[in-house]
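Number of protein chains: 2
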Amino acid sequence: MTTITSPGVNNGVDVTALLGAREALTAAPEAARFQWRARCEWVYGTHARTTIQDFSGLGAEQSHRTAFTVDTDHPEIFASEDNAMTPVEMVLAGLAGCLTAGVAAVATNRGVQLRSVTASLEGDMDIQGILGIDPDVRNGYSGIRVRYEIDADADRADLEAIVAQSQKRSAVFDIVTNPTNVTVELA
Amino acid sequence: MTTITSPGVNNGVDVTALLGAREALTAAPEAARFQWRARCEWVYGTHARTTIQDFSGLGAEQSHRTAFTVDTDHPEIFASEDNAMTPVEMVLAGLAGCLTAGVAAVATNRGVQLRSVTASLEGDMDIQGILGIDPDVRNGYSGIRVRYEIDADADRADLEAIVAQSQKRSAVFDIVTNPTNVTVELA
Numbered sequence: 001m002t003t004i005t006s007p008g009v010n011n012g013v014d015v016t017a018l019l020g021a022r023e024a025l026t027a028a029p030e031a032a033r034f035q036w037r038a039r040c041e042w043v044y045g046t047h048a049r050t051t052i053q054d055f056s057g058l059g060a061e062q063s064h065r066t067a068f069t070v071d072t073d074h075p076e077i078f079a080s081e082d083n084a085m086t087p088v089e090m091v092l093a094g095l096a097g098c099l100t101a102g103v104a105a106v107a108t109n110r111g112v113q114l115r116s117v118t119a120s121l122e123g124d125m126d127i128q129g130i131l132g133i134d135p136d137v138r139n140g141y142s143g144i145r146v147r148y149e150i151d152a153d154a155d156r157a158d159l160e161a162i163v164a165q166s167q168k169r170s171a172v173f174d175i176v177t178n179p180t181n182v183t184v185e186l187a
Numbered sequence: 001m002t003t004i005t006s007p008g009v010n011n012g013v014d015v016t017a018l019l020g021a022r023e024a025l026t027a028a029p030e031a032a033r034f035q036w037r038a039r040c041e042w043v044y045g046t047h048a049r050t051t052i053q054d055f056s057g058l059g060a061e062q063s064h065r066t067a068f069t070v071d072t073d074h075p076e077i078f079a080s081e082d083n084a085m086t087p088v089e090m091v092l093a094g095l096a097g098c099l100t101a102g103v104a105a106v107a108t109n110r111g112v113q114l115r116s117v118t119a120s121l122e123g124d125m126d127i128q129g130i131l132g133i134d135p136d137v138r139n140g141y142s143g144i145r146v147r148y149e150i151d152a153d154a155d156r157a158d159l160e161a162i163v164a165q166s167q168k169r170s171a172v173f174d175i176v177t178n179p180t181n182v183t184v185e186l187a
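As they're listed, the protein sequences go chains A and B. In this text, residue positions in the first sequence follow the working numbering: the first is 1, and each later residue adds one. In this text, residue positions in the second sequence follow the working numbering: the first is 1, and each later residue adds one.
Just so you know, the hints here were simulated from the structure itself, not pulled from any lab data. Errors might be hidden in some of the hints.
Identical chains share a label here; the pair holds if one copy fits it or two copies do between them.
[What the hints assert, rightly or not] Result set (EDC-like, lysine to aspartate or glutamate): computed pairs, CA atoms no more than 16 Å apart in a straight line:
1. Lys168 to Glu185
2. Lys168 to Asp136
3. Lys168 to Asp134
Computed from a predicted structure; not experimentally measured.
Generate the whole structure from the sequences, applying the supplied hints.
Here it is as structure tokens:
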């Protein structure tokens with residue numbers, strides 16, 4: 001169990017530890033350099049399986065408690081077997097998970113007890129892009145909407161501010177909204 | 001089982017169906033407009049669970065064969081319970097799954113039999129961004145590297161061309177490397 005840190009508020013986020021980490025890393029910024037890793041194996045057709053376990057940060061090699069595995073595939077209407085969510089849906093899951101963790105952390109820091117938090121996401125994509133029909137249509141999303149329903153001991157203005165602060169500090173929101181350099185090569 | 005479409009090549013990708021879809025959607029581009037959706041529930045602390053089932057496309061409501069669920073969390077060194085991969089690692093899984101499906105599709109279209117395809121991904125992130133230590137450090141990745149090992153009936157130049165074509169048509173590669181508008185709001 002995660003330590004309860006705000007008097008009367010238990011969202012399961014240890015804000016004291018996070019504020020301590022911020023102080024420690026301000027003094028030792030090289031320890032803030034993390035590397036996240038993934039290993040993806042092709043299964044069959046458009047079905048792939050990605051395993052995640054080790055990473056580095058705080059100046060050392062780190063490991064998750066266990067290996068985590070997720071699958072991706074394409075749906076039957078794309079003539080695939082639909083063994084798993086699509087990769088673009090997985091990006092929505094990453095975005096939702098990042099913003100939702102942020103909502104819990106910011107709410108805790110502000111002394112707001114959460115009862116439930118639900119995000120509904122929609123991403124628009126014109127598949128003329130990935131099919132190579134129209135070069136003016138991008139491959140990815142033309143836009144994504146995230147809508148939160150939050151049941152908590154706070155008024156609407158406080159909840160809006162919590163959601164806004166989560167967005168401001170979200171790694172995946174930044175990844176999706178801003179360009180990131182990606183190199184893809186054959187070993 | 002997916003239909004085998006290239007003589008002597010079976011990677012499980014029905015290229016004939018994909019080429020047919022391209023032809024059909026060229027004639028009816030409004031059917032190419034898809035909407036992908038996700039619903040994320042906060043569990044506890046930084047732990048969240050995202051469920052994906054329905055989407056729209058081809059001018060109709062669509063559904064996966066079943067609901068797919070993935071969890072995200074933060075690791076113990078962030079004072080969390082490490083119940084699942086982090087959201088930023090999930091983005092790597094989406095990127096890997098998208099590029100790997102593309103490798104299988106392009107290889108099939110080019111008559112290349114695959115035996116194994118493995119991608120290793122690394123993403124660099126300075127967590128001074130998400131911790132709010134240094135406003136000049138971005139929240140997301142400073143860069144991502146994807147490295148493929150492919151065992152297939154093809155020479156190195158052909159495999160490099162397959163990987164390059166997959167990248168060119170990848171939805172998630174586009175999402176990560178180019179900006180996408182995301183709105184986050186309270187219902």
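Hint-by-hint comparison with the structure:
no.	hint	result
1	Lys168 to Glu185	between (32 Å within a copy, 13 Å between copies)
2	Lys168 to Asp136	between (31 Å within a copy, 13 Å between copies)
3	Lys168 to Asp134	between (34 Å within a copy, 13 Å between copies)
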